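*Asks:* Sequences listed follow chains A and B, in order. Okay, so the first sequence: first residue is 177 according to this note's numbering, each after it adds one. Okay, so the second sequence: first residue is 44 according to this note's numbering, each after it adds one.
Honestly, the hints are just simulated from the structure, not real lab data. Keep in mind that this is a model prediction, so the values were computed, not measured. Glycine is no exception: its CB is placed at the ideal position from the N, C-alpha and C atoms. Possibly wrong hints are sitting among the right ones.
In silico lysine-lysine, BS3-like type, Cα no more than 27 Å apart, as pairs [stated by the list, open to error]:
id: 1; chain 1: B; residue 1: 236; chain 2: A; residue 2: 204
id: 2; chain 1: B; residue 1: 170; chain 2: A; residue 2: 204
id: 3; chain 1: A; residue 1: 191; chain 2: B; residue 2: 214
If you want a taste of the chain A side facing chain B, the calculated C-beta under 10 Å gives, among others [unchecked claim]:
id: 4; residue: 184
id: 5; residue: 189
id: 6; residue: 191
id: 7; residue: 193
id: 8; residue: 201
id: 9; residue: 204
id: 10; residue: 217
id: 11; residue: 219
id: 12; residue: 220
id: 13; residue: 222
id: 14; residue: 224
id: 15; residue: 225
id: 16; residue: 228
Computed list of chain A residues with no C-beta within reach of chain B, every gap over 10 Å [claimed, not checked]:
id: 17; residue: 188
id: 18; residue: 199
id: 19; residue: 206
id: 20; residue: 207
id: 21; residue: 208
id: 22; residue: 209
id: 23; residue: 211
id: 24; residue: 226
id: 25; residue: 227
id: 26; residue: 231
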Amino acid sequence: MQNEEKQDTCAMCGKTINEQKKQILVEKIDDANYIFDSEDCALIFKRFRSLYGNNFSV
Amino acid sequence: MAKCIAFHSYKGGTGKTTLACNFAASLVKKGYRVFLLDLDVSAPSIQAYFEKTPKRWVNDFLINEADVEALATDMTDIITEHEKQDGPASENKKGKLWVGFCNPKKEEIYKIEGGKEEISKMQLLRKFILLREQLISEYSVDYIIIDTSPGIRYWSINALAVADILFLTLKMGDLDIDGTKKMADDIYGSLTKFGAKSYLILNRVAGFCVPHTMTNPTSGNNARVVIEQEDESDVSSRISKTVGMDVISAIPCYCDIQFSRKEFLTVLKYPDHPFADQIMRLSEQIQVKV
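Model the full assembly from the supplied sequences, consistent with the hints where possible.
*Replies:* Have a look at this one:
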């Protein structure tokens, strides 16, 4: 899930970030930018990527 | 800050569910707000410890057929009833226990195993992430305790990925130890690399109920042989070195619990039992570890 496609949704939980008025977290993972609505989501996403490999996306 | 703890194992039958249920009850006794979540989706068994039929199941939430309030079954009374019998609670804080039960019906298991085409595994995963978030934000839980399926399965991986602390339970057989080591090497590194802490719980360690001597069947009834037993700390050290993970607790085998026909919460029913002591100590240790 690249940020060009879905800039306004969290790459892990899928929630729309703008509506929640939360601070957006942008993380560069394997040369691609991913956006998250919380540090928890970013951490969980990284664990899944580490477990399932680069093809993991929600 | 809420902590999520998953009980996992390589094989089934390691006592994972017994440990998870008793551990959750021990935290409530200490005054914490706890949500116990059954995620052993293919063989749910937490219901046996609480004898309760919920309004809705975890399965219903995951497939968008129930909200979190409907699946959260308040089981605090079971704790307070026992505490009344045992005298006043020692803690000032009043603990809470909610349980999310998993549906054992085969058609419901099939739905959340990704068998129903209209609900993809990724949609189910997102609902699971949302469930964790809602338990923290709406129930202000201190702990989420997850009972997972054994081995490397879709829902056990999901449970492990959202957990802050991973308890990997095992028995003392070589098959279990070798499998646990393989699984720890395969997946636990990916989780600890990103902040999770993992510990081994050795369960049913020989030494409490096995006599030191027994009849040698090859030499007649009067001959006796010595059963080789390791000291508890030696066992912990050996397994820790083999698997490459710290042992947080080594729990002896207690036949009265293991072979009981009916499941029960030892920390509530028999608070002076040595197993209950072990669980209470584990819950104290975890305060230090987190």
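*Asks:* For each hint, tell me whether it holds in the structure or not.
*Replies:* Now the hints, each set against the structure:
1. Between residue 236 of chain B and residue 204 of chain A, the direct Cα distance comes to roughly 17 Å. Compliance with the 27 Å bound is thereby established for this hinted pair.
2. Proposed proximity of residue 170 of chain B and residue 204 of chain A is supported: the alpha carbons are some 25 Å apart, at most 27 Å.
3. Annotation: proposed proximity of residue 191 of chain A to residue 214 of chain B is violated, straight-line Cα distance about 41 Å (limit 27 Å).
4. For residue 184 of chain A, the suggested interface contact is broken, since its CB lies about 16 Å from the closest CB of chain B, more than 10 Å.
5. A hinted interface residue such as residue 189 of chain A counts as satisfied when its beta carbon comes closer than 10 Å to some beta carbon of chain B; here the least separation is about 5 Å, so the hint holds.
6. The beta carbon of residue 191 of chain A is positioned within 10 Å of a beta carbon in chain B (closest approach about 8 Å), and the interface hint is therefore held.
7. Taking 10 Å as the C-beta cut-off, the interface hint given for residue 193 of chain A is violated, the closest approach to chain B being about 14 Å.
8. A least Cβ separation of about 14 Å between residue 201 of chain A and chain B goes past the 10 Å threshold, and the interface hint is therefore violated.
9. Annotation: residue 204 of chain A was flagged as interfacial toward chain B, and the flag is violated, the nearest CB pair being 15 Å apart, outside 10 Å.
10. Contact between residue 217 of chain A and chain B, as hinted, is supported at the beta carbon level, the nearest pair being about 7 Å apart and thus within 10 Å.
11. For the restraint placing residue 219 of chain A at the interface with chain B, the shortest Cβ-Cβ distance is roughly 6 Å, inside the 10 Å limit, so the hint holds.
12. Residue-level restraint check for residue 220 of chain A holds (minimum Cβ-Cβ distance to chain B is 6 Å; threshold 10 Å).
13. The restraint placing residue 222 of chain A at the interface with chain B holds, with a minimum CB-CB distance near 5 Å, inside the 10 Å limit.
14. Restraint check, residue 224 of chain A versus chain B: the minimum CB separation of about 6 Å is within 10 Å; hint holds.
15. Interface hint status for residue 225 of chain A: upheld, as the beta-carbon distance to the closest one in chain B is roughly 9 Å, under 10 Å.
16. Here the hint on residue 228 of chain A is kept, as its CB sits about 8 Å from the closest CB of chain B, short of 10 Å.
17. Distance check for residue 188 of chain A against chain B: the nearest CB is about 6 Å away, which does not clear 10 Å, and the non-interface claim fails.
18. Distance check for residue 199 of chain A against chain B: the nearest CB is about 16 Å away, which clears 10 Å, and the non-interface claim stands.
19. The claim that residue 206 of chain A lies off the interface holds: its Cβ sits roughly 14 Å from the closest Cβ of chain B, which is beyond the 10 Å cut-off.
20. For residue 207 of chain A, the shortest C-beta to C-beta distance to chain B comes to about 18 Å, beyond the 10 Å cut-off, and the non-interface label holds.
21. Here residue 208 of chain A stays apart from chain B, with its beta-carbon at least about 17 Å from theirs, past the 10 Å limit.
22. Against chain B, the non-interface label of residue 209 of chain A holds: every CB pair exceeds 10 Å, the least being about 18 Å.
23. No beta-carbon of chain B is positioned within 10 Å of the beta-carbon of residue 211 of chain A; the least distance is around 15 Å.
24. Here residue 226 of chain A does not stay apart from chain B, with its beta-carbon only about 4 Å from theirs, under the 10 Å limit.
25. Taking the minimum C-beta to C-beta distance to chain B, about 5 Å, the non-interface status of residue 227 of chain A is violated against the 10 Å cut.
26. Annotated as non-interface, residue 231 of chain A keeps its C-beta farther than 10 Å from every C-beta of chain B; the closest such distance is 12 Å.
Of the hints listed earlier, those the structure fails to meet are numbers 3, 4, 7, 8, 9, 17, 24 and 25, in rising order.
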